[in-house]
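K.L.:
Starting from the known structure of chain B, arrange chain Z on it as the hints suggest.
Residue numbers (the numbering used here), protein chains in the order written: chain B, 8 to 316; chain Z, 116 to 547.
No lab work stands behind these hints: they were computed from the structure. Given the structure is predicted, the values throughout are model-derived calculations rather than measurements. Each statement offered as a hint is correct.
Straight-line alpha carbon distances no greater than 20 Å define the calculated EDC-like cross-link-like pairs of lysine to aspartate or glutamate that follow:
(1) B:K24 with Z:E540
(2) Z:K523 with B:D76
(3) Z:K534 with B:D22
(4) B:K136 with Z:E338
(5) Z:K534 with B:E89
(6) Z:K118 with B:E100
(7) Z:K118 with B:E157
(8) Z:K132 with B:E138
(9) B:K136 with Z:E339
(10) B:K25 with Z:E540
(11) Z:K534 with B:E88
(12) Z:K118 with B:D78
(13) B:K94 with Z:E338
(14) Z:K117 with B:E100
(15) Z:K118 with B:D76
(16) Z:K133 with B:E138
(17) Z:K133 with B:E139
(18) B:K95 with Z:D434
(19) B:K94 with Z:E339
(20) Z:K134 with B:E100
(21) Z:K132 with B:E100
(22) Z:K117 with B:D78
(23) B:K142 with Z:E338
(24) Z:K523 with B:D64
(25) B:K95 with Z:E339
(26) B:K94 with Z:D434
Over the 10 Å line for every Cβ pair with chain B, so calculated as not near, a few chain Z residues:
(27) T165
(28) G175
(29) P208
(30) L269
(31) L367
(32) L470
(33) P474
The beta-carbon is built from N, C-alpha and C at its ideal position, and this holds for glycine as well.
Okay, here's what each chain looks like letter by letter:
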Amino acid sequence: MNEYLRLDNICKSYDSKKAVDNFSLSAPKGSIYGILGPNGAGKTTTIRMIMDIIAPDSGTISIDGKKVDGDFRNRVGYLPEERGLYKKMTLIEVITYLGQIKNYPKQKILQSIDGWLEKMSLSEYKFRKVEELSKGMQQKLQFITTLLHEPDLIILDELFSGLDPLNIELIKGILLDEKRRGTTILFSTHVMEQAEKLCDYICLINQGKKVLDGHLSDIKAKFGKNSIQVELDGDAAFARDIPGVDSITEFNNYIEIKVASKADIRMILRQLTEKVNIKRFELMEPSLYDIFIEVARAKPEEFIWGDKK
Amino acid sequence: MKKLWILISREYAQVVKKKSFLIGIFLTPLFMVGVTVIPSLLAMKKSAETDKLAIIDLDGQGIGEKFKEAIKQYKLDDSSPAYDVTNIYNPQPDDSTGISSLRKELDSLISAKKLKSYLVINNAVEKNDSVFLVGRSFNISANNRFERRISDILSGIRLQQSQINLGIDSVLNLTRRIELKEQSPGGKSRDFGTVFLTGIVFVMIIFMTALGYGQTLMRSIIEEKNSRIIEIMVSSVSPFQLMAGKIIGLGLATLTQVGIWLAIGLAIYSYRGALNISADIMGAIFNPVIIFFFLMYLILGYIMFSTLFALIGSICNTDKEAQNFIYPVTMSMILPLIIGMYVIQEPDSTVVTVLSLIPIFTPTLMILRLNVIGAETFSFTNSIVLEATLGIIITVLATALIIWLTSKIFRVGILMYGKRPTLPEIIRWIRY
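If we strip away everything but chain Z, and leave its shape as in the complex, we get:
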């Protein structure tokens, strides 16, 4: 026991003392924000410049002018207009040569980036699919705005034509569309973006620590094999102690890192008002039930995957050789990210439930499901809490099996230099 503690302290110190550990503490969250938050922020972001538009209005009912007026309400952050309609062309609908030469001219303006896009309005009042937006690229929020404004204008014209004796404004008011708000069973409002972000953040932490520290563990075993220090080690401690010392030592380093992240997160959470941060996101993360399961799955996932990496390290002689074995392990770890969108929409489907109870997928997939479905209290009446608990039991059993298998292979593998063992050889090692 005392020896194990000495082994653990050394492995821990070796990681924590390195500069890369400190850098990792600060860079990993930045990286995670980078891959998860920034793309969605960018997609939602308003353009910083006024977009120049042109309109070809073939209908002659002043739709172009009305549209120009209507989109003046949209402003950029510096309160300059978001859109600027530079020209409205009203060619005759039957002047096809004139129209096509006009379009060619506008096309070339777009290619030269002097124009963002142009609208072609042709028989819009009669037909619903006769307004075109021509451009090199499109912005989802701008498209929504244009669609809504043109619809309103066309509704107004149609109303006038249909001789219903009502003001345009009051009709628009009567036909107002509703927005569907999502709530969880507890009555808290839930926002798709928040659920997605928090879920992915947890999955990423489990994924990156297990993968990062697992590979560190694997490399350290390969390195000790190559430098032959391993033979001295097993003449002083048992191979199982050596393996356990490495896994626990690096595991404590992982917990240190995640602990620091949680502490930073809690600090931000308690000053969220001053920092002007959405309470939704922080509240979703700092939910005690989810934090409990997260820490359980983080530790279990780490132990399970790092043991697998220890197994790979013990039978390989070079990093390159190990890459072939890492691949299936990594693939099973990133599965939740691949099917993430489906899990978020159908977290309770049979496929997802079954997959989340297969030990190698459990840590990442179950934490994603927990976040999506949500759990406010630790109660088994909530099926996800029951399933998540079941997942822990299954993962513990699977991890115990993996540790047993690995310890059998490890003690022989670490002394095998030069050639990689074949599968029958490995099976023979397990037997004795």
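One chain only, chain B, in its complex shape:
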């Protein structure tokens, strides 16, 4: 595997609290890696250590086989969790300035700036001040400044925060384009549903510890299919009493049935058809959210698997 970013046994403590505890990760070149976890899990601390903004207490970080150095700063695009820009500067000034301090040639910046503004529907604001933009627009502007200098590695902290669904789709499209260029993308989020649709690899962390790490499809296969969606006519409350059913959740026009791990699914289907008309019956993959809930409830150490070393 063509490894691009590698973290080995990273630890970081604030006072007595361990923010990141013995964390390792390996991201192949051209992959999209999602670091997922609830608020306060240690995502931002990990990302700041990769960015060399704070130093780990122990452990090493290497990029493209080398230790992080000054030159690395030019090849990385970073979007911090808390977003901010120089409010008094115009869009073109901000973009040019932030591109230049990445050592990206001014000429190239001026060539690509219009294309980027167009893509983000910000063209008409080119000579306006940042403070005149709405919050969502400022987010999009910040994406331009993160990606404009054609970085090899893109690091996005809380990627989806503050974006509306339309812009989430826009950004996803842009990130997939970047991936196709061979860019490695690492992002953190606590919005699992969105991450699921974008990532190749995921890493779940909780309370500073890695609880799950691996290729998304591997993880899903490992956790198996353990829920059923059924669309039916009539009252479904009886389904709770069918042997092998853990629980049911009733939605507007369908129910979701959680199945015990060794239950016979055909038996459940048969029992259902005896009492109601079934319009649709589907075996569901577990969502990342479900997986997270399942693994986080147990002790983290017991769930480190899928190591790709």
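P.N.:
Chain Z only, in chain B's frame:
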């Protein structure tokens, strides 16, 4: 290096583009003139109106009349008399009720501003402390005039009484007082007012640029911390580059401003004849030795203080929080202004010499001493030139230390949002 230059250009442009920069160029000199020159001008200024006086002369030797005559020589700018003696009263010395009612009457005239003041002359020939001037306020130059004129009149009367066979005028001529003129070792005449003014002007420029731009720097760091842009910045440049870019960028703006002032000053200097400006003041300012040291101390002082302000900015989250830290810095900067009068009188005293070699006081205090003592050539035989040079070396070393300390604290501090670090925490940051 290229990145540093980009950082510097932005910081410079951000300041210079602002309207406040242009306004500052013209308003700051006006302000300085305002706080330094105007009060002294006002104190020396002659009254614009004729002062109405009254005299109560209890001696009956015509002192009042002679005084009235003598002060007629003083004129206002429009050549109308400066003083007008409206009434001379000659009550009997033992008529105490009459005198006190007369004084009450004059007092009420003064309260109603119909009279400026009145003289009470009582046994003046015999005693030296028996002439009183009663008024609501007093003018130093008027008091001097009155004192001199009355002294002359009394001397004349005493001479007549003592039967020395000499004319009054010739006695006055023989007892003429001298005026002491001050000169510096080079033989140039030095005037207390000029020395004071030029010294204070230099101190004020260093003080105001370091304080003004230092605080601008501090606010910009706090603002970037609050807007979180700082995290993007340190993902592109090193924290040290960021700090250096800000300090140098604003420093160049400072130099631009002072450069414009010097250029305006030089222009005035070269046209001083046409503009009818005292060559003394301009000559004192445009002394190459002093200008050299001034520019050195301006730059060093700026770097030292603005680095301290950068340090404060990096550990604070709001302007208000920063105020507590600014206070000691500002106090150390204004010390030369507080002890200024003492420095001017005793610029070589041990206390002043030692204080002026303590780095945080050096830029302002040393430039004040230089102005007071004066230096015509760059020669170490003049102790002040030696001390001023030593001051530069000490300040450079101290500044290097402050920059080193600040860079250690800065890179951690700028990413600390929310809570202000404690002293032990800051010491831990310096360690690693």
